[in-house]
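K.L.:
Can you build the whole structure from these sequences, using the hints too?
Each step along the sequence shown adds one to the number in the numbering used here, with nothing skipped, and position 435 is 444.
Hints are supplied without guarantee of correctness; some may be wrong.
With a straight-line cut-off of 20 Å between C-alpha atoms, the simulated SDA-like cross-links for lysine to any residue are [what the hints assert, rightly or not]: (1) Lys396 x Ser424; (2) Lys339 x Gln291; (3) Lys307 x Thr326.
Quick caveat, the hints were computed from the structure, so don't treat them as lab data. Here the structure is a predicted model, which is why all the values come from computation and not from measurement.
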Amino acid sequence: MTLNFGYSQSIKRSVICSFGSSSSSTNLIVGSTLGQPSSIGTVTNGNNFLRQGFQQPINNNLIIYGCTDSLACNYNPNANINDSTCIPAVYGCTDTSAFNYDWNATCDDGSCIPVILGCTISASINYNPNANIDDGSCIAIVYGCTDTTAFNYDPLANTDNGSCLAVVYGCTDPLALNYFAGANLPDPNNPCCYVMGCTDPNACNYDPNSCFDDGSCINISGCTDPTASNYDPNACIDDGSCIINTVCSNPTPTGLHAIDIIHNTARIKWDNMTSANCTPEQYRVQYRIQGTSTWSVKNAVNTNNCGTFNQTGRLLTNLNPGTTYEYRLKAWYCYTSGASTWSSIEIFTTLDACPNVGNFTVSTPLTTRAVFTWDDSNGPYSFVRIKLRVDSISNPSGSDWQNAGGFGVNYGTWSRNKNGLVAGETYRGQSRTWCDPQGGPYKSSGWTPLIFWTQPTIIKIEGEYNISALNIYPNPSRDIFNISFISDQQQSFTVRIVNILGEMLIREDLIEFIGEYKRAINLNQYEKGVYILEIVTDNGTINKKLILQ
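P.N.:
In structure tokens, the structure reads:
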């Protein structure tokens, strides 16, 4: 609006005219008359004041230009003079940046809506119901499986339709050996297999081209280290047995000694010479009768292809009884040249031969009993075994023989009865001694010569010979035998002592003798053994054994 005012004063001064928030400065003419226009200012608001060291309303005679049409969009209720600036009222949004800006509007009605960019197509996956301007970002809906781990994942799909299938790995080729009908994806760790064979990489016949095991794998354990002394080229599974040799110096065997010595055998023993560096390939024992020059040989050989060899002994057989032997030992070792030196010479002496019994005989006091007697005239022993059988068996077997005395009759007993025999049957028998109470190989060299006898069918008693009260004591004896009997009637007879061969040693003839007979017979000048007392009468001969110890 335009404001016209005038004033005058008698002095010149500077006056500030304030118009609300606007102000103007001018010089007033001294002596001017208040009310006369001296300066003109233009203000846009009411409440105007003239400041001249003080504020003074200047409402009187104030002129305000503006739009005075109340229907105009720019109507000014303070204006008192229309300046022809009135703008017709057209209400709407006058904000050019608003979504609903109305370029025809002259008066803003507060209806402006801010612009919201986005997808305005409701059929799109990213439709924005608040957007009012489409920014071209709409994405069309594509249905499918959106699970990236699924077998049928669709990278183009943006809306899951529930069609996802779980991945099942396996061979999908029906022609393959390991085809799996339930698989929908090939298994990278177990591809389809078309070759059968051994799939064990540790097996000797492992086939790297095979992918389906046919059960043909062959596993051989052994040493698989080619640098080892016992390397086995056929082995494919290392069993930890490899022997890595450095240097074997062919040591001489130690600890040489003899054990289990009897009359004809002895066992030679030595230390185990196996070590970290040495594996024995062969031991050799040499032995000979002391005083002779020719050696006999027994070897102990490693048959394990230079594998573990722990043999530390060798049995010597067919030795002579009661003989002193010399022996020594040397060794050969695997993967070396040459052999050890001979050990020092050691000695052992075999036991004397085990003597058999002497004067082995049989008598038949009863029709079903046989009495075996013997002596130790050949030397002491541990026990004797007696065997017998029916003589007439043409093809005898072991079961046809029977024992008299069970396991054996201990040394110091000189007779043994055998009952249950058959009267009139002919038998054969023999005996053998052992010199070890436990049995075993220390025994006599063979059985005694066979003796034959026939069991009697009738036994005469002494009375039938007109001889009674026959007594011999002591029996066995070391020297003297006391013999006594009674001749019941007058008769002539002969008393004699014979050895087992029937050789007569003592003889006494009695003529028409009746009564008691007594005599002490000393046999100490004869060898130990069995002797026979014979009383020869007209009715027959009475035989009794005398055992001289």
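K.L.:
Against this structure, judge whether each hint is valid.
P.N.:
Going through the hints against the structure:
1. Lys396 x Ser424: 14 Å, holds
2. Lys339 x Gln291: 9 Å, holds
3. Lys307 x Thr326: 10 Å, holds
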